[in-house]
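Undergrad: Please work from the sequences and hints to get the whole structure.
Protein chains in written order, with our numbering: chain Z, 1 to 276; chain W, 1 to 424; chain X, 1 to 296.
Rather than coming from a laboratory, the hints here were simulated on the basis of the structure.
A hint or two may mislead.
[Claimed, not checked] Derived coverage of chain Z by chain W (criterion: at least 3 residues anywhere in the stretch with Cβ under 8 Å from a Cβ of chain W; other residues may be distant):
#1 72-83
#2 132-143
#3 230-236
[What the hints assert, rightly or not] Derived BS3-like pairs (lysine-lysine); straight-line CA-CA distance at most 25 Å:
#4 Z:K164 x X:K290
#5 Z:K265 x X:K290
#6 Z:K63 x W:K63
#7 X:K262 x W:K69
#8 W:K183 x W:K281
In this text, a Cβ means the ideal position worked out from N, Cα and C, and glycines have one as well.
This is what each chain is made of:
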Amino acid sequence: MTQSLQPLRLRLQQFLMYGFLLLSALLSLFPFLWMVISSTNTTADINQGKFTIGSALLENIHKFVTLVDLPLVFWNTAKIALLTTALTLLVASLAGYGFEVFRSRLRERVYQLLLLTMMIPFAALMIPLFTMMAKAGLLNTHWAVILPAISSVYIIFYFRQCTKAFPRELLDAARVDGVSEWKIFLFVYFPVMRSTYAAAFIITFMANWNNFLWPLIVLQSTEMKTINLVLSSLASAYFPDFGVVMVGTILATLPTVIVFFAMQKQFVQGMLGSVK
Amino acid sequence: MSNKRKFNMLAATIGMTLSVLPAISHAADKQLTVWAWDPNFNISIMEKAKDIYAKDHPDVKIKVEDFAKPDLEQKMHTVLASGMTDSLPDIVLIEDYNAQKFLTSYPDAFSPMDGAVDYKEFSPYKTQLMTVNGHTYGMPFDSGVTGLYYRRDIIAAAGIKPEELNNITWDRFIELGKQVKAKTGKAMLSDDPSDPNMVRILMQSAGTWYFKPDGSLNIKDNAALKEALRLQKAMVDAGITTPSVGWSGRVSAANKGDVATVTNGVWFIPSIKAAADQAGKWGVAPTPRLNIAGGTNYSNSGGSSWYVLSASPNSKLAIDFLNSTFSKDVGFYQRILTENGAVGTFLKARTGAAYQTPDSFFGGQKIYSDFATWLAKVPEVSYGQYTYEADAVIAALLPSLYQGTPIDEVVEQIDQQLASQIQP
Amino acid sequence: MHKNNRNGFDRFYDVNGWAFVSLALGLIALFMLYPIASSLWLSLHSGKGLVVKFVGFGNIIRLFHDPVFHTALWNTFIFLMIQVPIMIFLALITATCLNSPDLKWRGFFRTAIFLPCVTSLVAYSILFKSMFAYDGIVNSFFHMVGIIDQPIPWLSDPFWSRVTIIAAITWRWTGYNMIFYLAAMQNIDKSIYEAAKLEGVTPRQCFFNITIPLLKPVILFTSVVSTIGTLQLFDEPMNITAGGPANSTLTLSMYIYNLSFKFVPNFGYAATVSYVIVIFAALLALVQFKFAKERS
Chain Z
1 MTQSLQPLRL
11 RLQQFLMYGF
21 LLLSALLSLF
31 PFLWMVISST
41 NTTADINQGK
51 FTIGSALLEN
61 IHKFVTLVDL
71 PLVFWNTAKI
81 ALLTTALTLL
91 VASLAGYGFE
101 VFRSRLRERV
111 YQLLLLTMMI
121 PFAALMIPLF
131 TMMAKAGLLN
141 THWAVILPAI
151 SSVYIIFYFR
161 QCTKAFPREL
171 LDAARVDGVS
181 EWKIFLFVYF
191 PVMRSTYAAA
201 FIITFMANWN
211 NFLWPLIVLQ
221 STEMKTINLV
231 LSSLASAYFP
241 DFGVVMVGTI
251 LATLPTVIVF
261 FAMQKQFVQG
271 MLGSVK
Chain W
1 MSNKRKFNML
11 AATIGMTLSV
21 LPAISHAADK
31 QLTVWAWDPN
41 FNISIMEKAK
51 DIYAKDHPDV
61 KIKVEDFAKP
71 DLEQKMHTVL
81 ASGMTDSLPD
91 IVLIEDYNAQ
101 KFLTSYPDAF
111 SPMDGAVDYK
121 EFSPYKTQLM
131 TVNGHTYGMP
141 FDSGVTGLYY
151 RRDIIAAAGI
161 KPEELNNITW
171 DRFIELGKQV
181 KAKTGKAMLS
191 DDPSDPNMVR
201 ILMQSAGTWY
211 FKPDGSLNIK
221 DNAALKEALR
231 LQKAMVDAGI
241 TTPSVGWSGR
251 VSAANKGDVA
261 TVTNGVWFIP
271 SIKAAADQAG
281 KWGVAPTPRL
291 NIAGGTNYSN
301 SGGSSWYVLS
311 ASPNSKLAID
321 FLNSTFSKDV
331 GFYQRILTEN
341 GAVGTFLKAR
351 TGAAYQTPDS
361 FFGGQKIYSD
371 FATWLAKVPE
381 VSYGQYTYEA
391 DAVIAALLPS
401 LYQGTPIDEV
411 VEQIDQQLAS
421 QIQP
Chain X
1 MHKNNRNGFD
11 RFYDVNGWAF
21 VSLALGLIAL
31 FMLYPIASSL
41 WLSLHSGKGL
51 VVKFVGFGNI
61 IRLFHDPVFH
71 TALWNTFIFL
81 MIQVPIMIFL
91 ALITATCLNS
101 PDLKWRGFFR
111 TAIFLPCVTS
121 LVAYSILFKS
131 MFAYDGIVNS
141 FFHMVGIIDQ
151 PIPWLSDPFW
161 SRVTIIAAIT
171 WRWTGYNMIF
181 YLAAMQNIDK
191 SIYEAAKLEG
201 VTPRQCFFNI
211 TIPLLKPVIL
221 FTSVVSTIGT
231 LQLFDEPMNI
241 TAGGPANSTL
251 TLSMYIYNLS
261 FKFVPNFGYA
271 ATVSYVIVIF
281 AALLALVQFK
291 FAKERS
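TA: Laid out in structure tokens, this is it:
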């Protein structure tokens, strides 16, 4: 810190870093800019490649809310996404913790089998799963979408990997104090792993909010549909109204952005100070 | 212990959901569910049919559900393959190219209608594609009868009169295209090497298809196919094309004024009309023909029909519904023409007023009257079950044709690849 | 409540182990066992729709002779080999930058880079198709900056369409992986970095010798998950390039989709292709796990 070159090098690194981040941010944001601009134009304009703000925003919004029962569709999607996310986090974190903290040879084998199931493309399982749901009388209900999604091996995998970074000393200390296992999970593990839960919440919510294929197959009637199903049918008409589709897309994207904002605080906190 | 928990959970869940399930059971009441795509077109038209039927049959409830076309096909396959027929709708829209596939892959899933519907009232080309083993299954719906849409102003600037586009061959079309390019700098048409749409249109115009009526491959000795491929390359080589990608690419080429012509089905009209600033500048001529024996100036692209599921407890009601609107009601066809731009294949509809109205967007030409005339002359072909496989092979090999592979070799490759895709 | 009996420690350990994982296992057993068994059985059959016959290993033999399958396999691997490393590397760099202590506008950058993951598929495929069109913005921009003379046929050339797909995937998913790394970095004690700085360790050395080893479990997670995701790649090639041109962006999952829903439905053969994906995914995951263990 005494060399005279240090501040220059530091400045260069800072410059590179900001430059890189700025470029990434611009590249990431640009398509959204286009989306917002397009939502203010009519379809004819969009097809002709117009890139300036138009005056059709209100018209597009009006068309969209006429075509789509927005509150209902949003409620459907939100209900599915929130329920599934909450249940998934519960089930997956319990399992990830269990597999990592209580290792046994048999459970390792079981875990490896689970990882294997994660690699099977959903299309292969779709038809038999559909048959199961039909036989259980769950077709065209939201539970048909929620239940199979809860047991997400991805999230179990994620929690297990993150648990590897969880300090064992905390566990041992608690056990020595005579705390029961489930209390340890709730009162020691959960608070420490807050940022992991936050990340998992964002990812799971996003996946469930954007879930398309399975809801498509299992939901039949308009009252049950989720926002992505609705957008898909709007966007693939013989001559889709792109302005309207863009409005729909922006609205569909907002909730996940909001969730991200909400969870950011958890992200940032991390392990402030000592935990002993 | 956990097993019991599992079962209890499932039972409770089922109980909970059953109490919240919307009443879509249609066993006892007269309720029909229809699945289709495109809210502005098919769905809107079906809603109109429903309103008409409701006037005389107020006790029948019809519900129309909207899905994107590929999504709908995925759902249909999944449900049909699972055997859970309760989850099927009563009526479903199926694209004509897919008709044979559904009819033969899921035998007895659809109700034959040849007892109830008089197919002679419809364009002949629609009937053959929905007939399997002597029974005809669908209610013919919309037509994709093709036309050569052209920009009056651009061809005039190239010194060509509209009459010169009538009933020409494709070779003549290419010559005119060169003239347009030389005098106005505009491309004559857009070209997408990944899209076999042109090849299909050209084949059907000469009365052939990828497959013979018995289902065997019709690639190697298919003069129309060879001509179609030759012409596509010739157009690119003559410099009269502009590249476009996908459906939206084709639409925007027209809307942006990059091309002088578009050859496509009658359903392309709304896309052309989307460019309001081009009003009055378009016209339609008959589709150019292939210069071979059997070549005609009439063809078809796309189109779909309504089918009734045999597992439906209300199948007879469904057939009656479709029959009384789509097979009888001339006024209905006028409405859907003016309001949705739909040209049906019901021959009597053509006498209606809407079909005789001049269209100002097309310079006052009675375009629908023209399309209606061509409609009856579209050559009949059987699409077979493997149209999409053939399309995929053509799309995969067309680029190599453009890059200079001799046409006979390309045809040979198409034949081989297609043969391997088709199951014994 | 579990007995805290030291004499039965093993049993206590085991009971707890199973207790924690039982909920997940139960659900998975319920929703996966029958479908997996059914699809394995189906892969021994071939036919159209409901008209199937038993062919034993016939489908596997067909794989060897199927040129479209070979193309799809090759394409999928190209995407895998190129895209996954680029994306993981970019995500790591981005996360490190964002984790920098005195960074200004951190929230803005973080949100901006994450935003692509939440875009709906519909919107971003329309967008990319339009941006990478022959007369689209990307070509105009490159032309303006002088990088190219002639517009690049992004979507109609086999090579460039692959580049477009890789660009699309990287754009969409880098932020996703960045989130995982950021969350993990929050759990690294800042004092380690401070101590290193005092000892004169350069940022580059910090990155390679401190950050990466501590992030190993999460990196392994993202790399395995990205591998599986790319092997199952479907959304982007389906919606942006439709597998073309000339099948140059056709992936295994797209081929499965075509076999089931676009062509005459041969669910048995489609199931066989699915399991090819599973086998490759398992092999690659195994390799990655072993690689991670060795580096310890």
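Undergrad: All hints are to be evaluated individually against the structure, with a verdict given for each.
TA: Hint-by-hint comparison with the structure:
Using a Cβ-Cβ cut-off of 8 Å, 0 residues of the region 72-83 of chain Z lie near chain W, which falls short of the minimum of three, so the contact claim is violated. Check result for the region 132-143 of chain Z against chain W: holds, 9 residues qualifying (beta carbon to beta carbon below 8 Å, three or more required). Counting residues of the region 230-236 of chain Z whose CB lies closer than 8 Å to any CB of chain W gives 5, which reaches the minimum of 3, so the coverage claim holds. Distance hint between K164 (chain Z) and K290 (chain X) is fulfilled; the C-alpha atoms sit about 16 Å from each other, no more than 25 Å.
Among the hinted pairs, K265 (chain Z) with K290 (chain X) is inconsistent with the structure: their alpha-carbon atoms are about 35 Å apart, more than 25 Å. Under the criterion of a C-alpha separation no larger than 25 Å, the hint pairing K63 (chain Z) with K63 (chain W) is consistent with the structure, at around 22 Å. Between K262 (chain X) and K69 (chain W) the CA atoms are separated by roughly 11 Å; this keeps the pair inside 25 Å, and the hint holds. Of the supplied pair hints, the one linking K183 (chain W) and K281 (chain W) holds, its CA atoms being roughly 18 Å apart against a limit of 25 Å.
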